[in-house]
Structures are given as structure tokens and as C-alpha cells.
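K.L.:
Below are the chains, spelled out letter by letter.
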Amino acid sequence: MMNRRDALARVALLMGGAVIGADFFLTGCGPASSDKDKTTAKAPAKAAPTQPKEVLTSAQAAYLTEVGDTILPATKTPGAKAANVGAFMAVMVRDCYKPADQQTFVQGLAQLEAACQKLNGQGFLACAPAQRTALLTALDAEQKQYGKTKALEAPNHYFRMIKELTLLGFFTSEVGATQALRYLPVPGRYDGNVPYKKGDRAWATT
Amino acid sequence: MEKNTYDAIVIGSGISGGMAAKELTEKGLKTLMLERGRNIEHVKDYVNANKNPWEFAHRGGKTQQMIQDHPVLSRDYTLNESNLAFWADEKESPYVEVKPFDWFRGYQVGGRSLMWGRQSYRLSDLDFEANAKDGIAVDWPIRYKDLAPWYSHAEKFAGISGNRDGIAHLPDGDFMPAMQMNVVEKDVAARLKKHYQDRHMIIGRTANITQNHHNRVSCQYRNKCWLGCPFGAYFSTQSATLPAAVATGNLTLRPFSIVTRILYDKDTKRAKGVEVLDAETNQTYEYYAKIIFLNASALNSAWVLMNSATDVWPEGLGSSSGELGHNVMDHHFRVGAHGEMPGYEDKYVYGRRANGIYVPRFRNMNGEKRDYLRGFGYQGGAGREGWSRDIAEMSIGGDFKDALTEPGNWTMGLTGFGETLPYHDNQITLDKTTKDKWGLPVLAMDAHIRDNEQKMRVDMMQDAKEMLEKAGLRNVKTYNNGYNPGGGIHEMGTARMGRDPKTSVLNQHNQVWDAPNVYVTDGAAMTSAACQNPSLTYLALTARAVDHAVGELNKQNL
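From first to last, the protein sequence lines stand for chains B and X.
With the first letter of the first sequence counted as 1, position 39 gets the number 39 in the working numbering; the numbers rise by one all the way through.
With the first letter of the second sequence counted as 1, position 67 gets the number 67 in the working numbering; the numbers rise by one all the way through.
A portion of the hints provided could be inaccurate.
To be verified - Straight line, CA to CA, 30 Å or less: simulated DSSO-like cross-link-like pairs of lysine-lysine:
hint, chain 1, residue 1, chain 2, residue 2
1, X, K51, B, K53
2, X, K477, B, K150
3, X, K51, B, K76
4, X, K269, B, K197
5, X, K477, X, K194
6, B, K198, B, K76
7, X, K193, X, K51
The hints are simulated quantities; they were obtained by calculation from the structure and are not laboratory data.
This is chain B alone, in the form it adopts within the complex (with noise of 0.2 Å):
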């Protein structure tokens, strides 16, 4: 998937310039949903507008954000709780996942919290940071395992989830973008042969 998204962000460059949006759609809003509606160009009846429903509680963004300062903790740079990431994951949940991608989210916070209290003998809020690290890391082997033998249309493990939001939500916030990476709203100019050296950030977009 991570190098079909590099080469589909290439196609975009050439498309429209758009490698924000595809960057960012296949990454945020693309996990599983691999269907398509191909067969009519005719729009749905149209549905009233309503308020997008919470799927999440500010209790589990909190918690999300947790988890995802262990995934991304702050370094030389901030972490993503510096970025919020909990608060970011729950809008991503709520307006772009389908509603059983909805589900496999919502039921991996209870996993998770499970195989914590399996692990560590506590939640994942009371475990001290090398715990909660290697709860993740552990979770993290699952879902790579996971992913390389799931069905394609099965839905997505949820820490593969967990991670993809961590990793946009905090590379695209303000803190991630001017501070972990570089950002320049307007370069101005174009070199295409600029040194490097081992250490220098990069560039929050292309």
C-alpha cells in the first residue's frame, strides 16, 4: 500500500499538482474501503443534511492521543500529543470511515485496552511509558502479520488504523509540519539539486 500511494502520488503531481490531496486521501480517508460505485453516475435521493454523529467520546480521543504520543513521542521535536492527534482521529473516524471500518475502530479501543491489561497487568492509561511501548510494538508486529495475509476486502487491523491517524494527524498538524518537518508556505523559487546532510528535516509537503 505505502509504495502504491507513492506511485498514485506521483500520478497526481502530473494530474493537477493535487500531491496533497492524494497523499492525504489515501492515507486518511482510504484505509478499506477498497469498493467502488462504478455502475451509475446518478446521484443517491438525496438525504437531509445532518449533524455527523460522535463516534467517539472526548474520553477515548484523550485515550487516542495517548496512544499515539507513544507511537510518535516527542523527541529532539514534539510528540503527537503535542498535535492533539486524539481530537484529529475522532473527526477522521467520524466523517470519513464507513461505518464498519467505524466498528473494527471502535471495538480495537476495547482490544487494545485488553490485550494492555494481558500484557502489563493494567490499562493503558496507568502503564508506565516502556510498557505502553511494548504493548505497541507488539501490536504493531500483530498487524504487519495481519496485513500481509488478510483478504482484500477484510477490513484493516485496527492498530493499522491507529497508526495511519497518528502518523497524518500529526505530520499534517501545525506542530508536526513547522516542527518535526519544514514548512514554506510560499518557497518562491525551485532548485532541484540542493544539499543534504544526515539529519536535516523534511519537507512537510511536496
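Knowing the structure of chain B, use the given hints to seat chain X on it.
P.N.:
Just chain X, lined up with the frame of chain B:
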């Protein structure tokens, strides 16, 4: 009647309509430009152009509501949060897919000139002679020499940046200084040049200005073109043709004006005007003029003609040949290869270049005969991977995060854009049983690519892989993500030019054979598709046709 009378009427305000209005008004004609959608004011209405990525709630992605509201647009990158308002409302304006057809429309002043890809290439006699040589469809009624001065005219006004590469079948134009290739692209181009006699990799020729031009500021390398450019750095109706037309004092622009039909006078055998449905009030108006330019985009221009049926022309104005609405073409794509370039760890780029590289056509030339006709070009580019890359050996935590804050490997991709042949039975028709919001019949699309295109797609994959490997890339993978007609957003052919009124809709000056004061100069006019991005050709055809129309008007021939 007096107050509704102009010298000329232009139907549509996109790339070609804007050019028609500019040329007509600059030649002194009082011109009415009709646009079915709302007005978009330059800069002021580019509401997202200066937003930072984090100011978009979904960071530019698409929500389930957006997917539900835009089932067609959601098929590709086109559906996104940042310029959603520039794409047509699919509920108001449905269409019928007899076969799958992607139709990505922009219903507003400026049309798709606001979101276009900006790649700008000339056609050559390789293209203009192709139908005649292959015995396909009909011959183009013009050759490169007829259009060359008008390409120059369009390029000088629009501002096309590009290199003079000296490639015979991709003629050089009147360019602004080219954008740069990056360090990897330069080396790949040099290696390809060494290995192949006949394959070139050049910097894209793009309608982004690299020098200040008129009142427009040169490209600032933000790569946010499709949000609308506050600098006016890319060519659009708003940045270029509209201000020029307004400056003459001869332009009237009427948004929310759906042209329902062209009014045909059977005594004079001319069009006398148009009927307009006001999209906001549902009131009907008539406007009159001596010249009509139809620039509603290829499929909608055919719709206007088909909906202009009279007892003389029961299948629509321009239907006498039986070709109106037929020969639908596009460029098939979403196929190519990508790989990793080892090394260059000490190299990076500054700025975001809204452009890539281009590989002009190299197949079925110089005597080569593949198992298909025509050819394809590649667009692509190289860059370093960003934070969304996979780092297989890492999991989570501080080291993982710090690794992602640095750029990854260099990668490069090539995507083919292939010529589709004009097939008579690839066609659009009026579906009178399905109506849009205004009760107007909608288009039904019945087109698919055939054996020739499918065979070409094999080369489009394999050649990309071979070239990337020859250039030193590793782990090169091909892809073919499938294609629906229309997906290239290069619709063409539905009112083709030709030499014979029995087999074409338009003559060599883009006049409708059946009504010579009606000119069609958008994608509908294309007799073959070539494989180059077509908009520059529409600009050139439009300027040439206006010159002809005004000449004929002065000779009192219209």
C-alpha cells in the same frame, strides 16, 4: 431585441471560451460570454488558496458525505476537500452511463481552467497526418503549418514555460524559461539519451509562468495551483483571458446562463442567437448575434448542438453528417511503472515544482510497426519519499518518528498517456427520459476502449519498466490501475473537423458545416486525439477560428 443583441456570443467560459472572448473583444466585437455556473472572482474567490494543510479538517481528504454526494468524482484524486467547490454538483446535473464513463466537470466561470493540469504541448504532422495514413476515421482538414502561428500566439499570451528540445514531432514553441529538472531526473534523462536514439526525457511544458507577465506574478513554487493561484501564475480564464477581454470594454459576462439551444434560421441558413435558461430564476431569454462560438467543453458542446434540433435538422444542429456525438475520445492512462533510485542521499530539493518530466511519443515512428496504431507519452517525476513511507524494520517510538522526519529514498515514476482512436460507435446521445435539475435531457455515454488501446497499455507498462531499469532504478514495479473513458479529463471528438460535410461536423475553420456562423473550438473539434495534453491546441484553434470569423464578418460572408 436590440438590448439582447451582440456582435458575438461565446457559450462557455473555460479554457477555449475565455480565449474566444478575449480574441473577439480585442478585435472590437461586442461579445456576450455565457456561463452556466456561478461567478468565481480572481483571487477573492480562491477561498482555500492560502490555507495551511492543518487548516483543513480532514487534511484534504474525502468524507463519506462527500463520496455520497459525488459518486463520480470519488473515483479518482479529483474528489478532495480543498477544491470541492470547483467541481460540478452531480445531483443537479446527472448523466447516464451505458458503459462506465468518468465525467469530471467544472460548472463555473473559468470552468476547468481553474483546476487543469497545465501541461501544454503542440501537435505535429505526425498527428495531423495520422488518420489519413492509417485509413482511420477522416483526415484532419489542417496541417501543422496552419496551426503553428496560432500556437505561437496562444503560447505568448498564456505564458508556457518549457525548454526548446528540438524534437521534430513535439515542436518547440514560444516558451518562457523552463522549470528545472531535479538532480535525479537530470541523470535519468542523460542515461536514457545514452541508451536510446529516439526516446527523450524533457522537463514538462507547463502553463505556469516563470517570468512576470502582464499583471501576473511568476510561479512561486507552492504547488497549490488547483486551489486557484493568488499570484495568477498559471493560465486560467480568470488570470489571463477574462481580464484581457474586460479591458477592451467589449465584454459582457453572464453567469448562471444555461444555453439550451442555438436558434437556427432556416431562411438564412445561419444561427441567429441562443436561448438561455437562467439557472437561478428558471426564466428563459433569447440573445442574438452574428457569430456564435460554442465552447461548452467537448461533451456539452455536442449536447447544445443535439438539443438544437429543428424540423430541418431533427437530430440537432450539425447532425447532417451523422457524426455529431460520435467518435468520443480521451487519453487512456493510469498505467506505467515506478522504482527506487539508489544513492543521492546527499541531495534534496527546494520548493514545490508544479510540473514534472515528459517523455514524448516514441512508438510507431520512423518505420516501426507495433501490433497497435499510434502511441503514448509519459509524465512522471522523481522525488524523495516523505513521512508516509513504510519503514519495514521499524515499528513505533522515538527512533521511528525521527526517521520519518527525514526524507527517504529517491523514487521515480512514469505514467503513460495513450492515444485513443476515434471509433464511430463510441458515442454520446440525448437521454430524454432522464432530466437534470432544470428539466433538461441529459447525456448518455456509451464508449469503451478497444483492442488497439489494450495492446498499447502493455507497452505503456513494459516500456516504462525497461526505461527506468536502464536509467539505474531498482525494484521497478509496473502497474495498471484500470481506466474508464473520460478519466483522462481530455474529452474530445464529438463534433469533429473534416474536409467533407458528409463525414464531419466542422470544416477546416471550425465552422459547423450546417450553420457557418457557429464555430466549435473546444475538444469536440478534434479529429484524432494524438497523445499530448490537448488544451494548448484548443487555444490555438480558437484564436485561428476567431481570426477567420472576424475576417468573414468583415467580408459580409456570415
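K.L.:
Please go over all the hints and tell whether each is borne out by the structure.
P.N.:
These are the hints, each one checked on the structure:
1. X:K51 x B:K53: holds, 27 Å
2. X:K477 x B:K150: This hinted pair holds, its Cα atoms lying about 22 Å apart.
3. X:K51 x B:K76: OK: K51 (chain X) and K76 (chain B) at ~27 Å, within 30 Å.
4. X:K269 x B:K197: At roughly 72 Å apart (the allowed maximum being 30 Å), K197 (chain B) and K269 (chain X) break the hint.
5. X:K477 x X:K194: holds, 23 Å
6. B:K198 x B:K76: holds, 15 Å
7. X:K193 x X:K51: Given that 30 Å is the threshold and the Cα spacing comes to 41 Å, the pair is violated.
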